[in-house]
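Protein chains: 2
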Amino acid sequence: MSPSLYIEPIERLAEQFRRLPGVGKKSAYRMAFSVLELSEEDAKAFSDAILDAKRSVRLCSVCGNMTDGEICSVCSDTDRDRSVICVVEDSRDVIALERVREYNGLYHVLGGVISPMQGVSPSDLTIDMLLRRVSGGEVKEVIIATNPTVEGETTAMYISKLLSPLGIKTSRLAYGIPVGGDLEYADEVTLNRALEGRREI
Amino acid sequence: MSPSLYIEPIERLAEQFRRLPGVGKKSAYRMAFSVLELSEEDAKAFSDAILDAKRSVRLCSVCGNMTDGEICSVCSDTDRDRSVICVVEDSRDVIALERVREYNGLYHVLGGVISPMQGVSPSDLTIDMLLRRVSGGEVKEVIIATNPTVEGETTAMYISKLLSPLGIKTSRLAYGIPVGGDLEYADEVTLNRALEGRREI
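Top line first, the protein sequences correspond to chains A and B. All residue numbers for the first sequence refer to this note's numbering, where the first residue is 1 and numbers rise by one. All residue numbers for the second sequence refer to this note's numbering, where the first residue is 1 and numbers rise by one.
Be aware that one or more of the hints could be misleading.
For identical chains, the list gives no copy identity; a pair is met inside one copy or between any two copies.
Lysine to aspartate or glutamate pairs mimicking DMTMM-like chemistry, simulated, CA-CA at most 20 Å apart [as the list claims (entries may be wrong)]:
id, residue 1, residue 2
1, Lys169, Glu138
2, Lys25, Asp187
3, Lys25, Glu188
4, Lys169, Asp77
5, Lys44, Glu11
6, Lys26, Asp182
7, Lys44, Glu15
8, Lys26, Glu184
9, Lys26, Glu188
10, Lys161, Glu102
11, Lys26, Asp77
12, Lys25, Glu8
13, Lys26, Asp187
14, Lys140, Glu41
15, Lys25, Glu11
Please keep in mind that the hints were generated in silico from the structure rather than gathered at the bench.
Isolated chain A, as found in the complex (with noise of 0.2 Å):
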């Protein structure tokens, strides 16, 4: 923008839509412009959500997921099959899978995958907590759902290596997803023909 129009508060907010995934320079000035034309209370309301929902949502002690309590709605739901264990990357992969409807056991979500190249080691994950999990006996399987990609691939490997000595049964999501792809972004079909169609490793 030319100099002689800097308004430094639209400057500033334009930046910080800017960091957002998938926000471009003219979108994010679109937005910065929106948030000027909310009322006074509209903008409070924003402003508020950001700060409520980075100061409350925590993760789930049990299964790593993204709660605002301490254990997480899945974990806590007595109605869930406690003898699956679906493992995911993040929380919004744990989103997509509810999504089908299908599924009834309970999450793990790992908090990433193992990148040598970006420096993740197992260590980073929760696969600790996972181990621990399992090994109350309780489980009878574990469904790894991590992302068809390299890194998704290496962590659904690790893990299934340190799973068969316990005698679990260990199970990966069929190729219905679209390999390369984002979980994120399956459609609720494929996604419940991946479950529908997974198989042991």
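Assemble chain B onto chain A, guided by the hints.
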């Protein structure tokens, strides 16, 4: 999202993002999750940027453009040609025209266009302010740069009719700008052609 996964602070934040222009449901959730990944300070900075922009940005008392002072940077710039005023719909159009770096006159921001369908009448715009500005005698030409839409054309005709008895040259941006389009998204060259080819109405 499945009711069992409802995390109120995330839902509330995603809802706020959804109100922004061009943001759908999935993008809104992605944005909400990306906020959770920010550091405490970064989340605070984002939240503050919204409040600051809303609180400190107001309309210039001369031209109606956005400013964080009393008079905007264009109106207070003594190097600008005070005999020409370019009339635009909103502050984003000022930014688009300034990007061309060809125009050195002043601006007048209407704050919208006449639109009986949306209940916007001439009295809702800053047209009175414009008439007071041009009545001083210093202004020789008014370039009307409203968007090339039905409402933009109507507003241009309305203003030119008010200005013609005052003996002020009134011109309209040439149709270099794509009809039905949005001034904000025009490229610099097209905007420059439109400025050069302006014609008296």
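Going through the hints against the structure:
1. Taking identical chains as interchangeable, the C-alpha atoms of lysine 169 and glutamate 138 lie at most 20 Å apart only when both belong to the same chain, with a minimum of 12 Å there against 85 Å between chains.
2. In this assembly of identical chains, lysine 25 and aspartate 187 lie within 20 Å of each other by CA distance solely across copies; the values are 14 Å between and 30 Å within a copy.
3. In the homo-oligomer, the alpha carbons of lysine 25 and glutamate 188 lie at most 20 Å apart only across protomers (16 Å), although the nearest pairing inside one protomer, at 33 Å, exceeds that limit.
4. Taking the closest pair of Cα atoms, lysine 169 and aspartate 77 never come within 20 Å of each other, the shortest separation being 23 Å inside a single copy and 74 Å across copies.
5. When the C-alpha separation of lysine 44 and glutamate 11 is checked against a cutoff of 20 Å, the pair qualifies both within a copy, at 19 Å, and between copies, at 16 Å.
6. Only between protomers do lysine 26 and aspartate 182 lie at most 20 Å apart by alpha-carbon distance; the minimum there is 13 Å, versus 26 Å within a single protomer.
7. In this assembly of identical chains, lysine 44 and glutamate 15 lie within 20 Å of each other by CA distance both inside one copy and across copies; the values are 19 Å within and 14 Å between.
8. Taking identical chains as interchangeable, the C-alpha atoms of lysine 26 and glutamate 184 lie at most 20 Å apart only when they sit on different chains, with a minimum of 9 Å there against 26 Å within one chain.
9. Proximity of lysine 26 to glutamate 188 under the C-alpha cut-off of 20 Å is restricted to the inter-copy arrangement: shortest distance 14 Å between copies versus 33 Å within a copy.
10. Taking the shortest alpha-carbon separations for lysine 161 and glutamate 102, neither the intra-copy value of 27 Å nor the inter-copy value of 66 Å comes in at or below 20 Å.
11. In this assembly of identical chains, lysine 26 and aspartate 77 lie within 20 Å of each other by CA distance neither inside one copy nor across copies; the values are 44 Å within and 26 Å between.
12. When the C-alpha separation of lysine 25 and glutamate 8 is checked against a cutoff of 20 Å, the pair qualifies only within one copy, where the shortest distance is 16 Å, while the shortest distance between copies is 30 Å.
13. Proximity of lysine 26 to aspartate 187 under the C-alpha cut-off of 20 Å is restricted to the inter-copy arrangement: shortest distance 12 Å between copies versus 30 Å within a copy.
14. In this homomeric assembly, lysine 140 and glutamate 41 never come within 20 Å of each other (Cα to Cα): the closest approach is 51 Å inside a single copy and 43 Å across copies.
15. Taking CA atoms no more than 20 Å apart as the test, lysine 25 paired with glutamate 11 passes inside one copy only; the shortest distance there is 11 Å, against 26 Å between copies.
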